[in-house]
Structure formats: structure tokens, C-alpha cells
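S.K.: Here are the chains, one letter per residue:
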Amino acid sequence: MSPRLTLHVPEPSVRPGGRPDFSHVAVSKAGEVPRPRIDVAPGDIRDFAYAMIRVLDDEGGAVGDWAGALSAEQLRKGLRDMMLTRAFDARMLLSQRQGKTSFYITSLGEEAIACAHRMSLTPGDMCFPTYRQQGLLIAHGWPLVDMMCEIFSNEKDRLKGRQLSGLYSAKEAGFFTVSGNLGTQYPQAVGWAMASAIMGDQKIASGWIGEGSTAETDFHSALVFASVYRPPVILNIVNNQWAISSYQGMAGGESAKFAARAHGYGVASLRADGNDYLAVYAVSKWAVERARANLGPTVIEWVTYRAGAHSTSDDPSKYRPKGEWAAWPLGDPIERLKTHLIRVGAWSEERMKQMQAEVESEVLEAAKEAESHGTLHDGPRPSAATIFEDVYKDMPRHLREQRQQLGV
Amino acid sequence: MPRLSMVEAIRDAMDTKMAEDERVVVFGEDVGYFGGVFRCTEGLQRKYGKSRCFDAPINESGIVGVAIGMGAYGLRPVAEIQFADYVYPGYDQIVSEAARLRYRSGGEFFAPIVIRMPVGGGIYGGQTHSQSPEALFAHVCGLKTVIPSNPYDAKGLLISAIEDDDPVIFLEPKRLYNGPFAGHPDQPAVPWAKHALSEVPAGRYVVPLGEAAVRREGKAVTVLCYGTMTHVAEAAADETGVDAEIIDLRSLIPLDVDAIVRSVEKTGRCVIVHEATLTAGFGAELAAQVAERCFYALEAPIQRVCGWDTPYPVAEEWDYFPGPERVGRALLKAMEA
Numbered sequence: 000m001s002p003r004l005t006l007h008v009p010e011p012s013v014r015p016g017g018r019p020d021f022s023h024v025a026v027s028k029a030g031e032v033p034r035p036r037i038d039v040a041p042g043d044i045r046d047f048a049y050a051m052i053r054v055l056d057d058e059g060g061a062v063g064d065w066a067g068a069l070s071a072e073q074l075r076k077g078l079r080d081m082m083l084t085r086a087f088d089a090r091m092l093l094s095q096r097q098g099k100t101s102f103y104i105t106s107l108g109e110e111a112i113a114c115a116h117r118m119s120l121t122p123g124d125m126c127f128p129t130y131r132q133q134g135l136l137i138a139h140g141w142p143l144v145d146m147m148c149e150i151f152s153n154e155k156d157r158l159k160g161r162q163l164s165g166l167y168s169a170k171e172a173g174f175f176t177v178s179g180n181l182g183t184q185y186p187q188a189v190g191w192a193m194a195s196a197i198m199g200d201q202k203i204a205s206g207w208i209g210e211g212s213t214a215e216t217d218f219h220s221a222l223v224f225a226s227v228y229r230p231p232v233i234l235n236i237v238n239n240q241w242a243i244s245s246y247q248g249m250a251g252g253e254s255a256k257f258a259a260r261a262h263g264y265g266v267a268s269l270r271a272d273g274n275d276y277l278a279v280y281a282v283s284k285w286a287v288e289r290a291r292a293n294l295g296p297t298v299i300e301w302v303t304y305r306a307g308a309h310s311t312s313d314d315p316s317k318y319r320p321k322g323e324w325a326a327w328p329l330g331d332p333i334e335r336l337k338t339h340l341i342r343v344g345a346w347s348e349e350r351m352k353q354m355q356a357e358v359e360s361e362v363l364e365a366a367k368e369a370e371s372h373g374t375l376h377d378g379p380r381p382s383a384a385t386i387f388e389d390v391y392k393d394m395p396r397h398l399r400e401q402r403q404q405l406g407v
Numbered sequence: 000m001p002r003l004s005m006v007e008a009i010r011d012a013m014d015t016k017m018a019e020d021e022r023v024v025v026f027g028e029d030v031g032y033f034g035g036v037f038r039c040t041e042g043l044q045r046k047y048g049k050s051r052c053f054d055a056p057i058n059e060s061g062i063v064g065v066a067i068g069m070g071a072y073g074l075r076p077v078a079e080i081q082f083a084d085y086v087y088p089g090y091d092q093i094v095s096e097a098a099r100l101r102y103r104s105g106g107e108f109f110a111p112i113v114i115r116m117p118v119g120g121g122i123y124g125g126q127t128h129s130q131s132p133e134a135l136f137a138h139v140c141g142l143k144t145v146i147p148s149n150p151y152d153a154k155g156l157l158i159s160a161i162e163d164d165d166p167v168i169f170l171e172p173k174r175l176y177n178g179p180f181a182g183h184p185d186q187p188a189v190p191w192a193k194h195a196l197s198e199v200p201a202g203r204y205v206v207p208l209g210e211a212a213v214r215r216e217g218k219a220v221t222v223l224c225y226g227t228m229t230h231v232a233e234a235a236a237d238e239t240g241v242d243a244e245i246i247d248l249r250s251l252i253p254l255d256v257d258a259i260v261r262s263v264e265k266t267g268r269c270v271i272v273h274e275a276t277l278t279a280g281f282g283a284e285l286a287a288q289v290a291e292r293c294f295y296a297l298e299a300p301i302q303r304v305c306g307w308d309t310p311y312p313v314a315e316e317w318d319y320f321p322g323p324e325r326v327g328r329a330l331l332k333a334m335e336a
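First to last, the protein sequences are chains A and B. Under numbering that gives the first Met the number 0, the letters of the first sequence match residues 0 to 407, in that order. Under numbering that gives the first Met the number 0, the letters of the second sequence match residues 0 to 336, in that order.
The hints are simulated quantities; they were obtained by calculation from the structure and are not laboratory data. Among these hints, one or two may not hold up.
What follows is a list of derived Cβ distance ranges for each label pair [said to hold, decoys possible]:
# : chain 1 : residue 1 : chain 2 : residue 2 : range
1 : A       : Glu253    : B       : Tyr87     : 22 to 32 Å
2 : A       : Arg96     : B       : Asp20     : 49 to 59 Å
3 : B       : Thr127    : A       : Tyr318    : 57 to 67 Å
From the structure, some residues in chain A lie toward chain B, with a derived Cβ separation under 7 Å [unchecked claim]:
#  : residue
4  : Lys155
5  : Asn180
6  : Trp191
7  : Ile197
8  : Gln201
9  : Ser220
10 : Phe224
11 : Asp389
Built from N, CA and C at the ideal position, the CB exists for glycine as well.
I would like the entire structure built from these sequences, with the hints used as guidance.
M.R.: In C-alpha cells form, the structure reads like this:
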């Protein structure tokens, strides 16, 4: 007789009250995974979707084929970018608690991915980010005040108070308007890259998605189109283990690596340590060179850990054990880069302290200036008349009538 | 002047724009080498190359999603959805993305895209090849929704749509592709060549979005309609002898409210006709507009003649289709009041 059928509902190995356990996260030895030629056939690097490209070892050494891509000066900038991002997040989290905005999302623990990836791109390229890639803007040098004005929805908010906090848009910085609907930006990134190829240009697109949203149709739509037209696009999957309260197994991560999803589409795919600034830069650069050389798309799974809550509306203590971040085998990206820089004699604890004070003061100054233009419930804010603008390029009659009804 | 079918006029619009603007690209399922299941893109790939006219995978969320990306890049993509009935996987991209980019980015990004799709019944296509989902688009702020009823308008409206900086949903009544259709399936098919509006000028011209056309002037009752129903309404007026004024809206959003008000204030009576299902259809919006703006001019209740609130059947197609007899009855009833 056949057995009675049962439904498999994935469940993380530990819940609140338990001891953090990451024994399921296989960590490759730093330097172990080689760097293939950029014109490698996707089918020849299938193993790379199961391995983990790492440059920094546990002692702060930089080892293997992927090392040596950045100078000490570039690495110090990378360290600063990550520290600035973390300080920015901390300040904005506090601002949310103070009621200056309704909502905030930090990128705590995964700063290396956006900050290092940004450095691999050139002006004219376009990122299609999610809501946790503020590091792209910060590493680009985008004004913090401008970002904060969006967060505070004040009179200087270029988005006129329309978007939830953190859903930036900065065309000049190659940063596409963040949707808030999950996954929709992925096929758009592919389409943007197709357009570059159609026009015979040199620009590339970089699309972003979380491991949770790889379950969305749009992820697969993007992969199909990337597979068919081979446009110059990088498809980043940030696997930070958690989608609000759903662990990565609920998106299929228990059955296969997210990077391996590219195999069915014949798209080149790599998996890398997302908390290793050097690895993120080197792997991104590989994909950028490949795309720029008309060799097609690359999927990259960045393995990291969402150290903070999903958002200010979330309380992770309800669904995951305390102390997970401390137990996370890939550590803290800032600590790891600091250790490396000190080890190679390009940094010191003293300079670290100075830089920490410097970025905190930079954020504080920016916050003061942004707050002088208003916060969500206090001070100047965008005029109500702007509600009716930008729905269409030119305001149609029915919106003019509605604006009159509102009396503005 | 050349006489074109609706298919030829639509193709001519794309051809005209592709010739003068290298940013115009055309794609969709079976659109490239084969030229589309209704032949609207026939010859375009041969003429403009594979990177400007190409086949797409069977994936509507992808088709719309990549069109948005291309539009944001600066191209003018014209994406074909093979049947409007298949658009729903792409609906999220249309509603949450194409329609919102400009607003949510404070004007930094926008999607100047056209999404073409055949709509309506009359071809024994059943519930997966006959739908008229215009209300689902007209309800979404940020979209423009257009539906031509003849070759001249089809070309002029499509050129306007391609040149427009906002996303345009371009609905093509498939029963009109190869000839006008007044709703008498038992009568021989008539080619467009005998219809005055099949005279289509060569080269670029536009029919502006948001301007209705008076197809027939009349004093007794206003008929508000679009697409195939324009021809049905004309037949109903002929067959009943009611002196109806027939307004072909052409564009639902933006809506030519002035044309509607002008006519209803003159006639004092209003019948609204569409093929889409009745409840919460675009006719409900039209009825509300007429009630709000023309209440004191009305001599009779506003009537709607629409598809029944059921899926579109095959064998019972002509019991479903709002044909001239049903429209005629409404015209006569309007005159009784």
C-alpha cells in the first residue's frame, strides 16, 4: 500500500528560545574558488552556484584568484562607505522612533554588498534596487541630506512626499525608482539592458532582488528574457536569510541554492560571500566586464544575514532566536574589512575610532539640515497641489477638476 | 488615397514611426518573423531588422516588464499582447509600475510605452479570446486607454500613442481588423475598402488622444460607444429609424467630457453601449458623468446595453454580443420616456 501523503512545510532549525544554528550554511575556504575567464560558458561553471567565492580569510588575509582587485586607498573608502551607511541607518532608525518618519528599513549587516557593488559600475549604468540598497547611493557619494529629505517627506523631498521612506529615486546616480512591490524591478532591469544592446550602447543594468522574492513570477520572467536575449545585465540575489518572518527555506532555499536557479536558464551564475567587501567587488567586477564585453547576463547570489529587523514595523525576536548575528559564520562586513586593513598595515584601531566619529558627525550634520526642511509631522512639507502632478506628463482635465475640488 | 484595413492601418502606424524614429521597437509573441497572429507586424522585422522587431517569450509579465525598462532607457517600445485575455500576468507591471513610475519618481523616470492588444468578441473565441477589459485599465490612474473603431483612427491614434510620454493601452477590436461589423453575423462580411474611414493617408498624421468623434449627428438620443459598438449603434439607428447621435469616444482616458455633455444636452437622452460586462464597466463611469453633468437636461433614464455579467460563451456568442437589436430596443425605449 502507498504511504499516506504528507505536506512538507519548511521550518527553520531554530526558533526563539533555541541556540542559533547555521550548520546548514556551508562556507568555502577563502581563496578556494578560482576566478574563471569572463568568456566562460555558463555550463562550465555550474559548480560555482553551490560554492562560495571568498577572498578574506578568518585572519584578515586576502587570498586566491579574486584578491588584489582593489588598492588600500579604495578599501579605506569602502570601509568608510560601509561605516557611513551603518551610521546613516542608525540615525534614521532613531528618527523613526522619534516620529520624524513613519517607517525605516536598515541594511545592518549587509552593507558590503551594495557599497562594493556600486564601485564596480561606471556612470551611465543603472541599478534597479530594492529597499535595502541605500549603500548604492551612499557609496556613490549621493548627498545624505537628499536621502533624508525623502525619508522625512519634507518640502525638499524631490519625490514630493509620495513615497514611503527609503524608496528613493536618483537617476543621476544610476538608481532607479524603488517600487515597494517586490520583484517588479527585475524584468525592468533586463529590459533596460536590452535597450542598451538595441541601441548599440555600452551601458549595463544591475537588477536587485531578495531571496524571498525570487519566488515571484517576475524573477522567472527576468531570467527567461535574460536567457533569450542575453542582455548586459547583472541579476543580484541578496540572500539575507530572512523575508520578514519567512526564512530562506520558504522561498525554496532548502531544496536548492538560489544561484542554481540560473542553471535552468543557461545563465552564468556565481555565489559569493556577501560580507566580504573584496569578494563582492571582485565578483561584481567580473560580471560587469562580462556584460560590457557583450557576453551576457550573470546571476550572483550574495550570501549575507539581515542583522536588523525587516523594518521598523517588525520584531524579529518573535520568530528567530537571539544571538543569530553573532553566530553568523560570515561575520560582520565592517569588522572583516577593518581586520584586513589593519593586517596589511593600512589601518589602525585609532584611525577606526576617528573615522567612526567622523561618519557619525557627518550624519548628524546632514540630519540637522534635513530636519530644518521639515519632518513627517512637523514643519514644512510638500504642497497638497503636488498630489495631482506627475500622474501624467500633462495634467488632464479630470485631475485639474479634482485639484480644484481640493481647493488648491 | 490608399484604402487600408484596420490591420494594415495599425501596421502602417508602426512602420511610419519606426522609419522616422530609431527608438521605436516592436515586440511580442509571434510578432517578429511571422508578423503576428493577426498580421499587424508583418514585414516589419524584414524592413527594420531583428533588434527593432522581434518575438518575445510567452510571458506577459516579462513583455510588459522589459518594455518598461526599455521605455525608462529612452526607447519607445510598442509591445503586443496576443489577446487582451492574456494580459493579466502583466497586469501588475502595468498597474504598479508603468502607471506609477513618473509619479513615484517625482518625474525622473517614466514609461513611454504602448501596449497593444486585440479585444472583443464576434470571432467565436469564447472566454479566452473575446474579453473587453478596458475598465480594468481606465480605472488605473497614470494610464491612457484608447480604442479605435476604424482604420483612419487606428493609425492616427496609434501614432499619437507612440509619441505620447505616458503609457498607453491600445485596444484593437479584433472583429474590426478586416472589415466593419454591425453585429449581423449572418450577413456577408464587408471589407474595409468600401468604408469611408478606410481612406488612410500615407505618412505621419495624428488623431489626438482625448477627442471623441461624432459618427452621426442626431437630435433624438445620444449613443456613447467605442470600438465595434460604434458600427452596431449605427446599424441600430438605421434599423429603428431613431435619429440617434452616435459618439465614438475613441479614447476612454483622457475622456472627451465636453463632447458627451454637448450631445446629451442637445438630445436629453443617453444610451451607453459596450461589449464588456455591465457591472462596474466603463459605462458606469459614463452614466455617472452624464448624471453629474447633464441631470437637468435628461428626459429619460440613462440606459446601458452591455455584455452580460457572465464569461463570454462560444455557441451562444450572439446571445451574448450586444447586437443592433438590443441596442435598437434601448433606443426605442429611450424615446418612449
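S.K.: Against each hint, give a clear statement of whether it holds in the structure.
M.R.: Hints, verified against the model:
1. Glu253(A) x Tyr87(B): 22 to 32 Å: Given a distance of about 31 Å, which is inside 22 to 32 Å, the answer is holds.
2. Arg96(A) x Asp20(B): 49 to 59 Å: Because 52 Å falls inside the window, the suggested range holds.
3. Thr127(B) x Tyr318(A): 57 to 67 Å: violated (42 Å)
4. Lys155: violated (11 Å)
5. Asn180: Holds. Min distance 5 Å.
6. Trp191: Hint holds; Trp191(A) Cβ to chain B Cβ min 4 Å, cut 7 Å.
7. Ile197: holds (5 Å)
8. Gln201: Interface hint status for Gln201(A): violated (13 Å vs cutoff 7 Å).
9. Ser220: Interface hint status for Ser220(A): holds (3 Å vs cutoff 7 Å).
10. Phe224: Holds, because the Cβ-Cβ distance from Phe224(A) to chain B comes to roughly 5 Å (cut-off 7 Å).
11. Asp389: For Asp389(A), the interface hint holds, since the closest Cβ of chain B sits about 5 Å away, which is under 7 Å.
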